[in-house]
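Protein chains: 2
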Amino acid sequence: MSQMKMKNNSFNDIKEKINSSEKICLIAHVNPDGDSIGSLLGLGLALKKDKDKVVKIALNDELPKNFKFLPGTEYLESTKEEESFDLLITLDCSDLNRLGKGKYIANNADYIINIDHHISNDYFGDMNIVFPNFSSTGEIVFTLAEAIDLDIDKNIATCLYVAISTDTGSFKYDSTSPDTFRVASELLKKEINLNEITRNVYQSRSLERTNLLIKSLNSMELYENNRLAMASVTRDMIDDCNASIQDIDGTIDFIRDIDGVEVACILKEYGQEEIKVGFRSKSDVDVANVAEKFGGGGHRKASGCTIYDKIDKAREMILEEIKKALR
Amino acid sequence: MSQMKMKNNSFNDIKEKINSSEKICLIAHVNPDGDSIGSLLGLGLALKKDKDKVVKIALNDELPKNFKFLPGTEYLESTKEEESFDLLITLDCSDLNRLGKGKYIANNADYIINIDHHISNDYFGDMNIVFPNFSSTGEIVFTLAEAIDLDIDKNIATCLYVAISTDTGSFKYDSTSPDTFRVASELLKKEINLNEITRNVYQSRSLERTNLLIKSLNSMELYENNRLAMASVTRDMIDDCNASIQDIDGTIDFIRDIDGVEVACILKEYGQEEIKVGFRSKSDVDVANVAEKFGGGGHRKASGCTIYDKIDKAREMILEEIKKALR
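The listed protein sequences derive, respectively, from chains A and B.
Reminder that position 163 of the first sequence reads as 163 in the working numbering, one-by-one numbering, no gaps.
Reminder that position 289 of the second sequence reads as 289 in the working numbering, one-by-one numbering, no gaps.
Bear in mind the hints are in silico, worked out from the structure with no lab data behind them.
Quick reminder that beta carbons are idealized off the backbone N, C-alpha and C, glycines included.
Treat each hint with caution, since some may be false.
Far from chain B, some chain A residues (derived; all Cβ distances over 10 Å) [as the list claims (entries may be wrong)]:
| id | residue |
| --- | --- |
| 1 | Asp61 |
| 2 | Lys65 |
| 3 | Thr73 |
| 4 | Phe131 |
| 5 | Gly271 |
Listed next, the stretches of chain B that the computed footprint assigns to chain A, with coverage defined by at least 3 CB atoms under 8 Å from CB atoms of chain A [said to hold, decoys possible]:
| id | region |
| --- | --- |
| 6 | 50–56 |
| 7 | 115–123 |
| 8 | 241–247 |
| 9 | 250–258 |
Just chain A, with the same shape it has in the complex (with noise of 0.2 Å):
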């Protein structure tokens, strides 16, 4: 890729293009999170005042329950292959491959803007705007709908707020910047409800998931004097529970906070020689480095690989590789 195209636009580039445009469609990348939602959301609320214009506001996966109570959750509707815009927005995708089987929506696209904020974003925007130090998307589209004077009601605010709280892990990663913080105030002021928000967002772990992740817990085994914690999830304890292979998501995070815990690492039995692991880091052990000796990769502190052997056996040469890391 050249130098050229990994160029922001300004944001009056954008406010032109949409000006300009008549047939829109906003799309977020697949397997929804709070920030895709929350800023796909925000910013199809904030087009759709515009009533010279048809804003199409697409989602192809199910919505997130927790995320039920958005305004505007209304207007999602799924893509057609058949259907053409003038101008697709997209958000929160760091490629075009993030839009999943949504993916036809952007060759029948006149034109792209990428709005997004993962360093990974390969720029494959007509425009793009492509902020990798900010927090969130959710973050971004405030400072484009402040500089493009969209109006900001209690509902865009509800969702943005939404966005930016979920990727932030409410406030706690240092993503979080004074900027992140001034936004934060400002959707407040427009009267969002915080109660609300914190309910659904995150008091509302269905009882499956609470039951699969006692019985996790139960499963947890502590090593190298408590540095390391694993655990397991076999596909008999997802049934048991009722329970879903989403539902082991933040069972990590809750290992990986145990005090004095440097490694956290949990096995999931996608199926019964297809073990997904995931890793999380506290130290300087580079847990990027133990997912690649098993084909995998990610981050210092958060990566991944699959292991296609049974459980118990994922579970061992995982364990001996850990245990090299932590030495």
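Given chain A, put chain B in place with the hints provided.
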């Protein structure tokens, strides 16, 4: 109490009083939490910059492990009966009894400034700064420091940030205001280490506490179509985990956060026939009412009582009353 007494002083009054005092003691409430420790150290470090004053930062309890990383903890010292001060500044204390065994220090002080955000504060100070609509005492201290031109360096900012973050549940509670975020933004500009704060405050649950939580969760039972969740913690469970009674804190919030649960309840075996019961409500059920039936009390959404009977008997009695409340 007369209306007269329930008045706040101006920041300027506080400034003048501090400037004219030579021997100052700062103290916060017993069973220290993040807000009491953070605002105590934050203001203490700020006042210590004036080398013409003797400034003592008093702590009569043990410092919780999570807060040992805070700057200034090396200055914490317990008070002595015979000491006297020109000025005592109390932080995060709603009344003088909250000083616990340090209460005598108030009797020996020539003058008291009371800085707090609890709505129940009884304005016991000679001067008072009581702002119940502030998220935390830490937020008040920042606002005061800003107004009276105290120099807020990185160390002080770290302490005040921890005060605000912990008292708002990391900005999740609706005590968080636009101003809270403005203050958080200003504190972050002092280049505090958010990673270090998050790791120490939120990602360092002790292994003993973790094991006790797992055991408690295994004891959890659901009633009334999963609208009520109850767990018990016995002395044996605490001993098995090498944990202490304080390690039960937080378990009830974990249970409350299950989707569909309206009332969460935990029974803690303090003694063989001394059961402390905690209640949380996420719905219209007023748990203060339930607690009052057993001689306890609290708020609509958080309350407690003590039952002097065996834990199984206590569980039965409580269950019956909550079921009534849920109907």
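Evaluated hints:
{"no.": "1", "hint": "Asp61", "verdict": "20 Å, holds"}
{"no.": "2", "hint": "Lys65", "verdict": "8 Å, violated"}
{"no.": "3", "hint": "Thr73", "verdict": "18 Å, holds"}
{"no.": "4", "hint": "Phe131", "verdict": "17 Å, holds"}
{"no.": "5", "hint": "Gly271", "verdict": "28 Å, holds"}
{"no.": "6", "hint": "50–56", "verdict": "violated (count 0)"}
{"no.": "7", "hint": "115–123", "verdict": "violated (count 0)"}
{"no.": "8", "hint": "241–247", "verdict": "violated (count 0)"}
{"no.": "9", "hint": "250–258", "verdict": "holds (count 3)"}
Checked against the numbered hints above, the structure breaks hints 2, 6, 7, 8 and satisfies the rest.
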